[in-house]
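Enquirer: Residue numbers (this note's numbering), protein chains in the order written: chain W, 1 to 330; chain A, 1001 to 1330; chain L, 2001 to 2330; chain U, 3001 to 3330.
It should be emphasised that the hints constitute simulated quantities derived from the structure, not laboratory data. Keep in mind the model is a prediction, meaning the values are calculated, not measured. For glycine and all other residues, C-beta sits at the position ideal for the given N, C-alpha and C. Errors might be hidden in some of the hints.
Using 25 Å as the maximum straight-line C-alpha spacing, the simulated BS3-like pairs for lysine-lysine come out as follows [as the list claims (entries may be wrong)]: (1) 47/W / 2129/L; (2) 47/W / 198/W; (3) 3128/U / 3052/U; (4) 3129/U / 1047/A; (5) 1047/A / 3128/U; (6) 3052/U / 1047/A; (7) 2299/L / 108/W; (8) 3223/U / 3129/U; (9) 1108/A / 3052/U; (10) 2159/L / 47/W; (11) 174/W / 159/W; (12) 3128/U / 1108/A; (13) 1110/A / 3128/U; (14) 1110/A / 3052/U; (15) 3052/U / 3223/U; (16) 47/W / 2052/L; (17) 2299/L / 110/W; (18) 110/W / 2126/L; (19) 2128/L / 108/W; (20) 3263/U / 174/W; (21) 159/W / 2128/L; (22) 1003/A / 1159/A; (23) 2052/L / 108/W; (24) 2128/L / 47/W; (25) 110/W / 2268/L; (26) 1108/A / 3129/U; (27) 1159/A / 3128/U; (28) 2159/L / 108/W; (29) 3299/U / 1108/A; (30) 1047/A / 1003/A.
Ranges between beta-carbon positions, derived for each pair [as the list claims (entries may be wrong)]: (31) 42/W / 3251/U: 21 to 29 Å; (32) 3292/U / 2159/L: 52 to 60 Å; (33) 2176/L / 46/W: 46 to 54 Å; (34) 3307/U / 2/W: 54 to 62 Å.
Each chain is listed here by its residues.
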Amino acid sequence: MAKITFGEAIRQAYEEEMARDRDVFLIGEDVGRWGSLYRSSTGLLEKFGPDQIKDTPISEAAIAGCGVGAAAMGMRPIVEIMYIDFITIAMDQIVNHAAKWRQLSNGKVKLPMVFKTQGGAGRRNSSQHSQCLENWFVYVPGLITVMPSSPYDVKGLLKSAVRDDNPVVFIEHKALYFEKGEVPEEEYLIPLGQAEVKRTGDDVTIIATSWMVSFALEAAERLQEEGISCEVIDPRTLWPLDRKTIIRSVKKTGLCMVVTEASAEGGWSGEASSVVHEHCFADLRRPVKRHCGMRTGIPYGPILERRCIPSVESIAGAAGALLREARGKG
Amino acid sequence: MAKITFGEAIRQAYEEEMARDRDVFLIGEDVGRWGSLYRSSTGLLEKFGPDQIKDTPISEAAIAGCGVGAAAMGMRPIVEIMYIDFITIAMDQIVNHAAKWRQLSNGKVKLPMVFKTQGGAGRRNSSQHSQCLENWFVYVPGLITVMPSSPYDVKGLLKSAVRDDNPVVFIEHKALYFEKGEVPEEEYLIPLGQAEVKRTGDDVTIIATSWMVSFALEAAERLQEEGISCEVIDPRTLWPLDRKTIIRSVKKTGLCMVVTEASAEGGWSGEASSVVHEHCFADLRRPVKRHCGMRTGIPYGPILERRCIPSVESIAGAAGALLREARGKG
Amino acid sequence: MRQLQQFYREMLLLRYFDQLCRALKMKDIIYSGYHPYEGQEGVAVGFCGALKPEDVLLSTHRPHCHAVAKGCSLESVLTEMMGRRTGCSGGLGGAMQFLAPENQFYCGSVVGSNLGLATGFALAMKQKKLDRICMCIFGDGASNHGTFHEGLNLAAIWKLPVVFVCENNQFAEAMPVQEFVACERISMRARGYGLEEITVDANDVEEARRAANEAIERCRRGKGPVLIEAVTYRIQGHYVGDPEGTYRDRKEVETARNKEPVKRAREKLLQGGVEAAELDSIEQEIEEELEALQEWALKQEFPTLEAAIDHVGIPLENAPEVRGPQSLTL
Amino acid sequence: MRQLQQFYREMLLLRYFDQLCRALKMKDIIYSGYHPYEGQEGVAVGFCGALKPEDVLLSTHRPHCHAVAKGCSLESVLTEMMGRRTGCSGGLGGAMQFLAPENQFYCGSVVGSNLGLATGFALAMKQKKLDRICMCIFGDGASNHGTFHEGLNLAAIWKLPVVFVCENNQFAEAMPVQEFVACERISMRARGYGLEEITVDANDVEEARRAANEAIERCRRGKGPVLIEAVTYRIQGHYVGDPEGTYRDRKEVETARNKEPVKRAREKLLQGGVEAAELDSIEQEIEEELEALQEWALKQEFPTLEAAIDHVGIPLENAPEVRGPQSLTL
Ligand SMILES: Cc1ncc(C[n+]2csc(CCOP(=O)(O)OP(=O)(O)O)c2C)c(N)n1
Ligand SMILES: Cc1ncc(C[n+]2csc(CCOP(=O)(O)OP(=O)(O)O)c2C)c(N)n1
Ligand SMILES: [Mg+2]
Ligand SMILES: [Mg+2]
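Just need the whole structure built from these sequences, with the hints factored in.
Expert: Structure follows, in structure tokens:
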């Protein structure tokens, strides 16, 4: 299989979906001429023209509103918000309209649209350009929330998101765009709402999202050397959550750790932890551990930003400690 | 002690704080002439004049930004967002600026300000005027989040919020404004970050927030008749959370239920549930139960909106069931 | 005269319809906030009535007369406001937010949002080369909202077929337009979007219709958006029973009553030789129609909760759990 | 000539300072996005330089030259961009967002937000009857943002002392101003706020300063806000190494180089009889100053994580747990 970058996988998803369905269009700041900040739409303006690739003014609220309106008219907009930090400006359109219109119309209006953005640290951009805000959207009834972690996943999930008839908040990670991974030539889709077991193991279940998946996998590699076997699960869709896959795993291992870059308090890690406790209480040898970013704005620069969020070492350390505690006590 | 309404308690808090400190001012839509939607600032424009009571245009983003700027200049603004549903329009100012500036200035800038709003169902206003969005703010490092449930609490907490040097998101409940409760004549403050045990009991700990506190108390009354003794805790401040009070209680009862009007998924109930599991795992006889609103927009009208959220009956039923499960199994 | 008489009938119907709604609100049969329309009928009939069935209208939190003028049946609008199944949104939306795609009518209770949404409807029309246009109606208060600016700019640079109608009824709740809008006439903002300044006295329904037709024609010819300030006056309070005395003099309202559109049309018709008896018989017809309407409406059923929340349940084929009310079950 | 020579020196310093920063960015010693300022020095010196120390300046994501012109030391700005402790925000903010309250300088990386924030600073000044004003500088791109509209309207109705300077450098990233702003000149938007239309050629630093002084004077006299469009040209890419070829011709840039403010000032000085040797010696002085600066800056230390996150730990006396990195510990 060809190895391509995460950004190129996005570009392929766009290209295939836009060619398949002329109602699919991308709208956002500098998605055209520039081909998006991280080059995920390079060349598409030339290929599909300005009807399908729309550069906009700096008007996040109007852009998001424009997407909602166009979707209500049967188009399939992909609204790009350049940084998730700016989605703060478009929350009314997403929460009060996109998430509500299907119900408010008694099911008559469908909104087949994607709000696509990227979040997280990793590019040393300080606290106004590095946030993890995914749990806001999990919290809003009427939205689907997706966070892909690999080139294969982003392509398959984005294509499904574009085809879904509900508003999908699709959150990429800025540190992933230039990561490479295998992606088949043939077309494929990954259904929304399906987790993937990224690595099987018997001792501890690690649930990790987005950028943290690769960290968790590497930590699992290291722990293997110490004889600890980790199962790593990437939910991929944060809501609706594939509880079955998670529950099956924790029932097997009896230990669970949730790893997110976002800080724990009020975050999705609490949702994941609660679901596991609710369904696997009798199987758990120790309470679910949340191993998450610190409760802080991300400070500037390469050193401090990395120290605020989980690392391969910290994940390995925490998972190892969880197992030792369980063995000591269990 | 005099019995006054929740709205009047707010008005008294304003009045006392504005008289004490002329830098305290209220800014928002129709807070002056109208005295706010639910009459919580009636008469204050006459008393304090337009410098301290500022009616604004319908410009939530600018109003919130105005508050941040004024706070940076040493004033103590109370920014009123009429419905929490409209806070969606001011998220950039709250999240990217208010929450970040203290850190971004290396501690040099303080932001002594309150974002005051109200949420929840109870006034049959349908899905764009009935949301529970509190967990968004718990999730943002740099903010304090408060949700008062009684006239006594709202007065004491609001006064503390006004005096705090950090941005506080203060979320009232629209169904509470005309509820009455005892409030002393003398001045008092309730520290932020302190939960209150609203009722003591031995069998089950119920953690409830905002409007749900009174429901939980009434459910506890009913369960008492069946010989079930509930301890009801109101965290009052959702972040920083008074874990101690909660943990002490659950260690005693061994059972815990979290009741929120907000739906469970992605909500604060997951945070509370996780905290309890993390600290009381060995003491818990059953997993913490989340008894929450349905994952839906609030439909219009009095009947359906009530059926989407917990009721006295449903709380009593769920708590009773939890206890029976524990007895059956434990 | 024939056309004016038709306008007169339409306005009178709205006048009485609004009265009926007010009465139902007083009886608590309309449940939520309800915003009367008396005195503004020239706008609904002049502007909304000028659209073709296939044109889209985006309205506000004060939508009921706009909806009827756009072609929604009285039955569907009234029973929506009463929360009945026969309402255009199945009774789930209520008096401030409902969607009637079959009549190309959309409204919502967040002030200003529709200016962004309108660009999306119009974009779809333009890209699909449909011979349809979009009208977006909003208040003087909304003209201070950021979305006004973003929506107009976006529509202008893309030459989208939107007629933006600012229904200036002199107040935003208790805020008099001249104190909160920084320019003399709202239409003066047009220049900032490369548009003409157009202000019409919308209490003259014929003038309103002329202006509407001209604007619609322009849009249909692909000349881009038009902004029109339609001046009128809100004779009732913002809502039934608002504290009117805090923000305006009763005298001002009495003066306005002399200039309101129904009265003016009647006078003109009489001057033009139409018999008073003929006009009286119109009145009587309408009264009878509305009486029958009310009787029918009161018999209609309420929606079920199952139906209401069904539209939020994201129907994902592969999702293991698509709807998740955590412990509240039907 | 004396004043122009002073302006020339100041602009030249900024020119070389910007060059130094670009070089450091290329070497990855400035870590985040960095936005060059070449060609726009007439704005920084003409406008920002016209403020008194006690006046407040609110800048953007392209702030470094504004900051220096406002009075921040080169040391504090450069080392902030390099993430060192000696930076004005202790190295926590970085190249796009830092706060230097000691110099009354604030900036941030969310486009458009500062127009709202500015109203708050100015409101405080007005209410406290301080003889200070606020300048808010933003780009042509920002002028399409909702906060532009809301901020200007709020400032205008309250007659706040804000000088709004739109630094029109012809581009917002890759978006040419004429395609994304719907009016010919951005200043045409002034009318919508009851303000005068003012456009100045800011590449003529003397003209810029004249306009600045006039506007500042007006504000100080309590006449309310002023909006000025300061026309200039962005000679470098939006960031170092952006795909410039996608949005402009090199020829256009060459033409702009002939009109840039440093060159123009130099020519005027020479015409006015100043010796070339004198100007060359200024240049040499600056080069030496910057060399020493760089040497010093490279020796400065990075902040510690403890210090960085301390400012997010909400210091609540009674909070049982004030900071909660869930499992990541220092
Ligand atoms: C974003 C937002 N802010 C505030 C409100 C509360 N509110 C409802 S109607 C209204 C006044 C609107 O005034 P205008 O736009 O002139 O419309 P009118 O009520 O006069 O028809 C306000 C402030 C709201 N619904 N949405
Ligand atoms: C709200 C928001 N949207 C998008 C961006 C990404 N962005 C950074 S700079 C920029 C262009 C800004 O253009 P302009 O206001 O003209 O300022 P200039 O860069 O020309 O100085 C954009 C779109 C942002 N930082 N904030
Ligand atoms: Mg109005
Ligand atoms: Mg620019």
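Enquirer: Looking at the structure, which of the earlier hints fail to hold?
Expert: 2, 6, 16, 17, 20, 25, 28, 34
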